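Peer 1: Make a model of the complete structure from these sequences and hints.
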Amino acid sequence: SSLETVLFNIEMDKWQRLVTSYLVLLLCLGVSHQSTRQRRQGLNLASSEPCRTPQNAAGVCVDIKECSVHLDYLVNKRWQPGVKEYLQAALCYKQGSQVYTCCPIEKRVSFETNKGGTDCQTPRESPGRCMNIRKCNELLDLLVKREQTEYLKSSLCGFENRDPKVCCPLGSNIEQPKPERQPERREALPGRDVCGVSDFPNNRVVNGQPAALGSWPWMVALGYRSPRKPLDWLCGGSLISDRYVVTAAHCITNIGSRTMYVARLGDLNLDDKVADRASPIDVPVERAIAHENYNAALHTVDIGLVKLKNRVQYSNLIRPICLPAADTFGSDLYGYSPFVVGWGATAYRGPTATHLQEAQIDITDLDTCSNAYRSIKGATIDDRVICALSPGGQDACQGDSGGPLILPKRINDKINFYLLGVVSYGYKCAEPGYPGIYSKVALYVDWIKKNMS
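The opening residue of the sequence shown carries number 1 in the UniProt record's numbering; numbering runs sequentially from there.
Read the hints as simulated data drawn from the structure, not as lab findings. Every value quoted in this text rests on a predicted model; they were computed, and no experiment measured them. Just so it is clear, CB atoms sit at the ideal spot from N, CA and C, and this is done for glycine as well. Treat the hints loosely; a few may be bogus.
Label-pair ranges, simulated between beta-carbon atoms [said to hold, decoys possible]: (1) SER226 with GLY433: 27 to 37 angstroms; (2) ARG374 with ASN293: 19 to 29 angstroms; (3) PRO284 with PHE329: 47 to 57 angstroms; (4) ASN310 with ARG410: 25 to 35 angstroms.
Listed below are the simulated BS3-like cross-link pairs for lysine-lysine, each with C-alpha atoms no more than 25 angstroms apart in a straight line [what the hints assert, rightly or not]: (5) LYS84 with LYS94; (6) LYS414 with LYS440; (7) LYS440 with LYS450.
Peer 2: Written out as structure tokens, the structure reads:
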């Protein structure tokens, strides 16, 4: 009847649009059926050309109007589960307005589903299940290795969203649901009975003098190598647990062709020829993480974390320093006199020290610090940093980067040393009127804990 003709034309128009979209997808994915491959090779395809259906049954490529079983599925059963995918996979090619489909000779197609997919027959005529290729490890492995591509294409039996479905042989290694991923265990920071304990005399005030053995047991020297130099001690750090070291972000990112590869703990003089009674250990670096908000141009959020490959054993010469909470010292640090420690240069553009140096300096207020750096391009002075400098000329210098700004605190007659800041940058070294700039560690303790896993 005329009504049936109109319905047929409407359905054919929808089908042709569907096939056009599908052909574009095939071209993008590089996936095709046997007859499509032959057509690309320049063969003149006839409607009687043999083919294999998506379920690997024998068939012939014919105009879909001549394939009653496919036409019936298109017009009357297109909403049934699996029909749309089957018809897409059965496409041979499109020629003008004609759509050619691989019509099964036996005119029987089953869409009964079992758990895990639809029954099908593999190109080797063994039983299988039609499923997303991501769930069929045997064929997924072929896809990854780009092996047996013809077999892989012949196994195509449909699509699931944008993923191809393949006839996965029964008994193959079908991917099982993955167990729920357990959250990674985060490292615990040591308590006050372990951290911040030192042989440092409580009443001692130093002025840029060599440190004594065991005074700063959390002090770490970070070693770098490059094509031109096998070892260079360029930055410092602070041990905060038996496996983690806090340093500056620029010691991780702004290192050119160098690679941070080793951390030295328990040392006093980096010159191995000097007898200093130390028993240092060198631990390989497993990974180094710079804070994701670090801005090298503005020198902001200059803090990073180094994970050691092996855990270290604590001793009198190797101990972690305590991390401060927000209320350990409060927000206003003006008037405190912390210690700065490192193997950096003892003068601006001078040679680096091989013997560990220590100095006590005074924290200045941010307004004074901001005014001092007003003319220095890229200097950002805000409440994320600590400014400190001693009137006597003591300051951190090149090579001290990443090292600690240390402040002791007495709680219940017990003194612990805390990592107040991390050496970030400054104008020259101990330049009159220009304090050194330190990242305020208390603001980043949560970030440090989050990345200790």
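Peer 1: Taking the hints in turn, state whether each one holds.
Peer 2: Verification of the supplied hints:
no.	hint	verdict
1	SER226 with GLY433: 27 to 37 angstroms	35 angstroms, holds
2	ARG374 with ASN293: 19 to 29 angstroms	24 angstroms, holds
3	PRO284 with PHE329: 47 to 57 angstroms	34 angstroms, violated
4	ASN310 with ARG410: 25 to 35 angstroms	34 angstroms, holds
5	LYS84 with LYS94	17 angstroms, holds
6	LYS414 with LYS440	24 angstroms, holds
7	LYS440 with LYS450	17 angstroms, holds
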